[in-house]
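> Here's the letter readout for the chains.
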Amino acid sequence: MPDHFEELFADLRVATIPQVRPPGVDAVRRTARRRRRTTRTAAAAVVALAVTGGLVVTGFPLRGGHRVAPAERVRDLVGTADRALGTQLPDLAGQPLSGPVAADGEVTFPDQPAGSRSLALACAGPGQVTVEAQLVRGAGDSTALGGSVVSCATAPQAAVLTFRLPVPGSVVVALVGDPAATGSAGYAVAIGAGDETGIRDETGGPDVPAPESTWNADRAADVLTAAGRSAPTRVTTEQVLSAMHFTGPGLRTTPGDYELALVCAGPGTLTLTVRTVSTSNGEIADSGPAVLERQVECADEDPRLGETDLLSLPRNFGFMITAVPDDEARNRAGWAYHLGPE
Amino acid sequence: MGVTAEAPEPDPEVGAAVPGAPVSFDDLYAAHYADLTVQLFAYFGDQQEAQDLVQEAFCRALARWRTVSGYDDPVAWIRRVAWNLAVSRWRRGRTAVGFLRRQRVAEPQVAGPGPERVALVSALGTLPPAHRRAMVLRYLADLTIAEIAEQEEVAEGTVKSWLHRARSALAAQLGPDQFDSAETTAQEVRRA
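From first to last, the protein sequence lines stand for chains A and B. The first sequence runs 1 to 342 under the numbering used here. The second sequence runs 1 to 192 under the numbering used here.
A hint or two may mislead.
Listed next, with one range per pair, are the computed distances between beta-carbon atoms [what the hints assert, rightly or not]: (1) B:T126 to A:P168: 45 to 51 Å; (2) B:G157 to A:D26: 43 to 49 Å; (3) A:T308 to B:E153: 20 to 26 Å; (4) A:D111 to B:A119: 34 to 40 Å; (5) B:E153 to A:P90: 30 to 36 Å; (6) B:A31 to A:V167: 41 to 47 Å; (7) A:A193 to B:A31: 36 to 42 Å; (8) A:G228 to B:G157: 46 to 52 Å; (9) B:A155 to A:R304: 49 to 55 Å; (10) A:R75 to B:P128: 18 to 24 Å; (11) A:D26 to B:T67: 19 to 25 Å.
The hints are simulated quantities; they were obtained by calculation from the structure and are not laboratory data. Because the structure is a prediction, the values reported are computed rather than measured. Ideal Cβ placement from N, Cα and C applies to all residues, glycine included.
Can you make the complete structure from the sequences, with help from the hints?
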C-alpha cells in the first residue's frame, strides 16, 4: 500500500515551492553587513585565557548496566559544567547560566556595570563551542567584546574571557556549538568583576601569540575575504620586531603589478615596509630598496579595507614584507594581507 | 610574528561549487531556501513567517560562514537553526524577524493555497508541536528516524511513537478511509 502521507506532503511541497519568494543572498549579505557595523563601536577586549583540550566522549555511556538516554546524559553534562565553574572559579560572583550546547545558543547577562569584567565558560562533553561576547546598550547599539573557541571535555576547564565595558549595558554571549557539541554537550557560563577569577594572563609571552592577536588576525582576514580577496595570510604580532616575510609571487619570479590589500584589527599601529628582494634559484639573494613604507592604523572598531597599494615586481625579484607593531598593538592587534596580480 | 598562510582556494562564500570543494553560500541558499521554507510553513501554517525564519537562519550562517562551511553538512546546521528559531519562545519575541519584515520591500502577490494544501496544513496545526515537527522532518526534510531523534534529542522509539500518533490523528481528520496508519508505521520501521 502506498504511503499516502508521502503523496500528501509531496503535493504540499510542489504546491508551495513556486509561491516561495526568496529575499535573496544580497538581502542576507546586507543584513550581515548591517549587523557587523552595529556590533562595532568602542571596545577593548583582552582574551586572558583560552583553554583546554580533553577527551572526546562518543556514544552513550552505561550507567548501572543501562544505557543512558541522550537527554539525561546532556543534563548530567550540564551539571558537570556547572560544578566545574563553581569549583574552579569560586570567587566569581555571578550566578552561572547553563544548558545544553546548541548550534546557535545565546545567553544574556543584563545590567552589567562599566569596567573590567570576566566571562567564564565551562563545556562538558564532546566538541567545541565558539564564544562571542557583545555589549548591548539598546536596539542597534552593540559592541563586539571578543571571543574564543572553547574545547569541551569530560573534565572541563573553565575558559575566561576578560574585557572592559566602556559603559554599562547587557552582555550578550553567543555560544555556537560545532556539530559534535550541539545537543551532546553541556555548558555553564558566568560573568563577574574582572579580578574575581584569580587568573592572570599567562599566554602573552614574547614568542607566543596571544589569543587576542590571533582573534584579531582572523577578524582582519574575514574583512579581506568579504572584500573578495580569498585565502588571505593572517599575521599575529607577538614579537617586538616582526620577522621578515617573503611572499610568494616574487619567488616564482613572475614580474608584473601586484595589489597589496592589508587590514589590521585591534589597537595600535603597524609600521609597514615592503622591499623587493632579488632571488636566485628560489633563494633570497639580496635585499632591494623599499617600495612601500607607511603607517597602518589598526582598527578595533569595524576594521575595514581602505586603500590598497600597487606594487611593481621586476623579474627575478620577490617581496619582503615587514611590519613592526607599536607597544599598543604588540601581541594584541592582528593583521592579514592579500597579494595578488593587479 | 606568527604567519599563517593558507593554501590558495576559492572563496567559499562566493566561489562556484566544485565537487569535493566547499559549497558556496550562494549555491546553498539557492538549493535549500525554498525547501526549508516549505518545512517551516508546514509547521507554522504561515508562509511569510516561515520565509523570515529561514532567511534569518541563512543570515546567521553567513555571519559564521567560515565555521559553518567547514561542517560536513552545512544545511543541517541551517535547518537546525531555523527550527530552533521556530520553536524557541524566546526567539519568537520576533526581534530579528520583525526587523526583517520591516526591511522587506513590496513583494509580489501570489495565488492563495489550494484546498488540499489548506486541509493538510490545518490538520497539522492541530497536532502537538513535537508530533508536527516529527511529521515535517520525516516527510518534508526526508530525515530518518535516527536523524529526527538526534535533532529532537529523544530516543528513536519516541519518534516512532510521535509519528504513529500523528499519522493516526491526521488520518482521522483528512479522511480515515484513505489511510492505514498501522501499515504506514510498519513501512516506517522497515525504511528506518
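> So, for every hint listed, does it hold in this structure?
Hint-by-hint comparison with the structure:
1. For B:T126 paired with A:P168, a C-beta distance near 47 Å keeps the hint of 45 to 51 Å intact.
2. The supplied range of 43 to 49 Å is met by B:G157 and A:D26, whose beta-carbon atoms lie about 45 Å from each other.
3. Range check, A:T308 to B:E153: Cβ separation about 49 Å, and the 20 to 26 Å hint is violated.
4. Range check, A:D111 to B:A119: about 49 Å between beta-carbon atoms, so the 34 to 40 Å window is missed.
5. The hinted range of 30 to 36 Å is satisfied by B:E153 and A:P90, whose Cβ atoms lie roughly 31 Å apart.
6. B:A31 and A:V167 have their C-beta atoms about 44 Å apart, which keeps the hinted 41 to 47 Å range intact.
7. Between A:A193 and B:A31 the beta carbon distance is about 48 Å. The supplied range of 36 to 42 Å is therefore violated.
8. With their beta carbons about 50 Å apart, A:G228 and B:G157 fall inside the hinted range of 46 to 52 Å.
9. Separation of B:A155 from A:R304 is about 50 Å and conforms to the stated range, judged on CB atoms against 49 to 55 Å.
10. Between A:R75 and B:P128 the beta carbons are some 22 Å apart, a value that agrees with the proposed interval 18 to 24 Å.
11. Taken as a hint, the range 19 to 25 Å holds for the pair A:D26 and B:T67, whose Cβ atoms sit roughly 22 Å apart.
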